[in-house]
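Modelling step: build the complete structure from the supplied sequences, incorporating the hints.
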Amino acid sequence: MKNKLGKQTFQFPLKPRIIGSCSIVGEKEGKGPMAKWFDIILEDDTFGEKTWEKSESKMLKQALLLALQRSGLEKDQIDSMLTGDLINQLMPSSFMARDLSIPFLGIYGACSTMTESMILGSMMIDGLYASNILIGASSHYCTAERQFRMPLEHGNQRPPSAQWTSTAAGGMVLSANDKGDAAVTQGQDVKEIYITHATPGKIIDAGIKDVNQMGAAMAPAAVDTIVRHLMDTQRAPEFYDLILTGDLGLIGKQIAMDLLNGAGMDVANIYDDCGAMMYFESQDTHGGGSGCGCSASIFSGYVYKEMRSGKIKNALLVSTGALLSTISPQQGESIPGIAHAVAVTTEGGN
286 MKNKLGKQTF QFPLKPRIIG SCSIVGEKEG KGPMAKWFDI ILEDDTFGEK TWEKSESKML
346 KQALLLALQR SGLEKDQIDS MLTGDLINQL MPSSFMARDL SIPFLGIYGA CSTMTESMIL
406 GSMMIDGLYA SNILIGASSH YCTAERQFRM PLEHGNQRPP SAQWTSTAAG GMVLSANDKG
466 DAAVTQGQDV KEIYITHATP GKIIDAGIKD VNQMGAAMAP AAVDTIVRHL MDTQRAPEFY
526 DLILTGDLGL IGKQIAMDLL NGAGMDVANI YDDCGAMMYF ESQDTHGGGS GCGCSASIFS
586 GYVYKEMRSG KIKNALLVST GALLSTISPQ QGESIPGIAH AVAVTTEGGN
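With positions in the sequence shown counted from 1, the corresponding number in my numbering is that position plus 285.
Hints were generated in silico from the structure; no laboratory data involved.
Glycine residues also receive a C-beta, built at the ideal position from the N, C-alpha and C atoms.
Treat each hint with caution, since some may be false.
What the hints assert, rightly or not - Each computed BS3-like pair below joins lysine-lysine, with the alpha-carbon atoms no more than 25 Å apart:
#, residue 1, residue 2
1, 598, 476
2, 590, 316
3, 596, 476
4, 494, 476
5, 289, 598
6, 313, 590
To be verified - Cβ-Cβ distance ranges computed for the label pairs, FRET-style:
#, residue 1, residue 2, range
7, 611, 549, 37 to 43 Å
8, 296, 569, 40 to 46 Å
9, 442, 596, 37 to 43 Å
10, 613, 543, 42 to 48 Å
11, 433, 520, 32 to 38 Å
12, 291, 312, 42 to 48 Å
13, 598, 321, 18 to 24 Å
14, 491, 565, 27 to 33 Å
15, 414, 598, 26 to 32 Å
16, 333, 292, 46 to 52 Å
17, 292, 523, 20 to 26 Å
18, 548, 320, 33 to 39 Å
19, 333, 386, 20 to 26 Å
And the structure:
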């Protein structure tokens, strides 16, 4: 197993490249601090559709198609498509896929779905099973509220620790070739982005049963994966310009920092969380952002563009998921947490 490092980490000798990217967000997200990094901001969350699910599906489809356009590839050059969302039977992803006629693998990792798709897509390319892979993830505040909490019409009051499911989608093209983002590279000195390592996470259950404490439930899993990744790769935290968890929110971010400090890792200057970054405090999202689309849109928007410009050289994306169902809390079950890490670099894939 020459491509496995330590207990959980894989290295990718072929260093799959991210050659196209797109981020789409809703109206509320478009008024937050990350607004300038998103490619498309919806005027309203219906996106011209009759149902919230159709809106989310359309949002994901648009993100994937624009990422594909920017890659300079044609649809028939894509070998497979890996996407996921939060909704039962992956309805937004599945309904989107029926229009594209691309071999489709639907995946579910709750809010860790984006890094899960990056890992699986990179393994397919590195294993010579594919040359070009289309990946993405989406979430929508209204679809998630209806499925996991209360219909919007109910007007249910949210506790202070609750997070706000982001209306957002991110899409990217992974490739064995270094064609580059056609929309960005013309006449500009931009960097190629390589995926070099991945660390799939273990289920870590902290025993939390409160569904309004998702960040606290996921933080131990995020820290476990980060520590394991650094041990397996024999890297110090400072190797990375940015370590970014995917939606622990305000409370979970602080817990993760405390746990990392307890493990002897001072990451204060290099660590952030997508859920903590998505909204201004004045937007009153309580615990910050969440949802598959949260880390998907921030990585395919902010991180991607900062890496292309050379401002970020090495980044570790650690998307986190709470793997509960609509039934498990009613049965008294605690919330299983998961976190998957993907290392990306602009430094020649080294």
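Evaluated hints:
no. : hint                    : verdict
1   : 598 <-> 476             : holds, 9 Å
2   : 590 <-> 316             : holds, 19 Å
3   : 596 <-> 476             : holds, 10 Å
4   : 494 <-> 476             : violated, 44 Å
5   : 289 <-> 598             : holds, 23 Å
6   : 313 <-> 590             : holds, 21 Å
7   : 611 <-> 549: 37 to 43 Å : holds, 39 Å
8   : 296 <-> 569: 40 to 46 Å : holds, 43 Å
9   : 442 <-> 596: 37 to 43 Å : holds, 41 Å
10  : 613 <-> 543: 42 to 48 Å : violated, 27 Å
11  : 433 <-> 520: 32 to 38 Å : holds, 36 Å
12  : 291 <-> 312: 42 to 48 Å : holds, 44 Å
13  : 598 <-> 321: 18 to 24 Å : holds, 21 Å
14  : 491 <-> 565: 27 to 33 Å : holds, 29 Å
15  : 414 <-> 598: 26 to 32 Å : holds, 29 Å
16  : 333 <-> 292: 46 to 52 Å : holds, 48 Å
17  : 292 <-> 523: 20 to 26 Å : holds, 22 Å
18  : 548 <-> 320: 33 to 39 Å : holds, 34 Å
19  : 333 <-> 386: 20 to 26 Å : holds, 23 Å
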